[in-house]
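Asker: Chain residues, written in single-letter form:
Number of protein chains: 2
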Amino acid sequence: MEVIPIHLDRESSGFDLYEKINKNKEKINIEDNDVLVISSKYLSISEGRVKKLTGIKPSSQATQASKLYHINPKIMELILRESDEIFGGLYGFVLTSVHKILAPNAGIDKSNVPNGSVVLYPKYPYHSIEILKQKFMINSWKRVGIVLSDSRILPMRKGTVGIALACCGFEPVIDLKGTIDLFGNVLKYTSQNLADCLASIGTMIMGESDASTPVIIIRGLNIKMTDKPVSSDTLNIDSKFDIYVRGLSKRNASYYI
Amino acid sequence: MEVIPIHLDRESSGFDLYEKINKNKEKINIEDNDVLVISSKYLSISEGRVKKLTGIKPSSQATQASKLYHINPKIMELILRESDEIFGGLYGFVLTSVHKILAPNAGIDKSNVPNGSVVLYPKYPYHSIEILKQKFMINSWKRVGIVLSDSRILPMRKGTVGIALACCGFEPVIDLKGTIDLFGNVLKYTSQNLADCLASIGTMIMGESDASTPVIIIRGLNIKMTDKPVSSDTLNIDSKFDIYVRGLSKRNASYYI
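Sequence order for the protein chains is H and Y. 8 is the number of the first residue of the first sequence in the numbering used here; add one for each residue after it. 8 is the number of the first residue of the second sequence in the numbering used here; add one for each residue after it.
One or more hints might be untrue.
One copy or two, either will do: identical chains are not told apart, so a pair holds if it fits within one copy or between any two.
With a Cα cut of at most 25 Å, we get these calculated SDA-like pairs of lysine to any residue [claimed, not checked]:
id, residue 1, residue 2
1, 34, 130
2, 32, 233
3, 27, 248
4, 27, 232
5, 231, 8
6, 59, 74
7, 59, 144
8, 165, 232
9, 165, 93
Hints in this document: simulated from the structure, not taken from any laboratory.
So here's chain H without its partners, still in its complex pose:
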């Protein structure tokens, strides 16, 4: 397994991501079966998902919620627009679900963009990277996998790991049956989220680098490439079946332990 960082210019408004990667300064060539880990923020910016806050008018619901969570009302308005579910929150953030992914503040990010602007998640992340994958196929004759990465904190942990906002081109959830125990006694998870592991490698290398490194190539992986469609249901579990959401949201109930 080889990990190759691609340093690209910082951007603050729309651009062609395929051209950018394909014509990178270092002339790193994409090869068959490479997996590209791409910063979700970089894709967002390429798609013009940068919002100026000046034009945002908070609704009364956003204004109310902004007081409860101590969040800028304009940003709270965007959070409400972007989220498909809101679970609750603390001072300065709310736990939401966007594209069925659990994200703080709907994934809205203020860092590294012009002052007074924020970056939203890509509108159709699976669609965007599928198109990108097809461009590599059609223009460069290369069959690649893509992972769109964001950083995420694990429960009760310090610091972030990577999470795949979307992926395509390979089987992202690997069945580990056989090493596994079924039902009854101790629950052992039966599958591995390869996409999230690759996202963690990506964010680790992106984070290490001083230069702007929004794309990482992971080469030589022993993974199963596929053109099967991947959707948010491939990677995500509905909140009503999730062990954390269910296990933790019952804390206020009357347990005897």
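Following the hints, put chain Y in place on chain H, whose structure we already have.
Answerer: Okay, now just chain Y, sitting in the frame of chain H:
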């Protein structure tokens, strides 16, 4: 960055882990600044943390809880003994904290051990890997980092990633200040959990391999080696400050959203 799997014999009772790694069949030599990702289960087995269920007598509390969560009473008894906190649960598992790490069923594992036995987490994981690190230093003159890995599911995700049960020999949580937004509006995490990212690489490679691969070497990382002591407080956040535990446990409160 290079990733080298070390295939070792399966074991079901105590053995010397240092000797095992150092005298591996493939004669892979450990080098300075290598990070070894070691399966927590393999370390547990090396330390004899395999428990036969026949000898376990469930307390009345364990019996009661076992009915609530549909868990074998003997295993429930072990869960109660191992856990420092219990948050709640669903059918077949309870969310607990062990060594301040959020773990389902106190990390107790039934797979790949003799029938009727379970593997517990190592008793003193930080101590164990510190000793192991020192053995590499004293006997082999090599300065290594160690990550003790387990698999863990992310909230609302399918499949597992890696988590570091403990680590030593390097700075595990990297400050990302500068790319970060402070206070007030959108919360952006300020640090990266390198230990968890490395654990994800480890579990990914361990899981891919057909052979028994409880140890992975990660070589050529650009990380800061250190002999500073690492403890569970380095990697973990107390449940009362955690965004998931707090954010989700308030779900039953009266939110207007």
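Asker: Now tell me, hint by hint, if it's right for this structure.
Answerer: These are the hints, each one checked on the structure:
1. 34 <-> 130: Neither, since 30 Å and 50 Å both go past 25 Å.
2. 32 <-> 233: neither (30 Å within a copy, 35 Å between copies)
3. 27 <-> 248: Neither. Shortest intra-copy (40 Å) and inter-copy (41 Å) distances fail the 25 Å Cα cut-off.
4. 27 <-> 232: within (24 Å within a copy, 35 Å between copies)
5. 231 <-> 8: both (15 Å within a copy, 22 Å between copies)
6. 59 <-> 74: within (21 Å within a copy, 54 Å between copies)
7. 59 <-> 144: Classified as neither: same-chain Cα gap 35 Å, cross-chain 55 Å, threshold 25 Å.
8. 165 <-> 232: between (33 Å within a copy, 19 Å between copies)
9. 165 <-> 93: This pair counts as both: shortest intra-copy Cα distance 23 Å, inter-copy 20 Å.
Against the hints set out earlier in the document, violations occur for numbers 1, 2, 3, 7.
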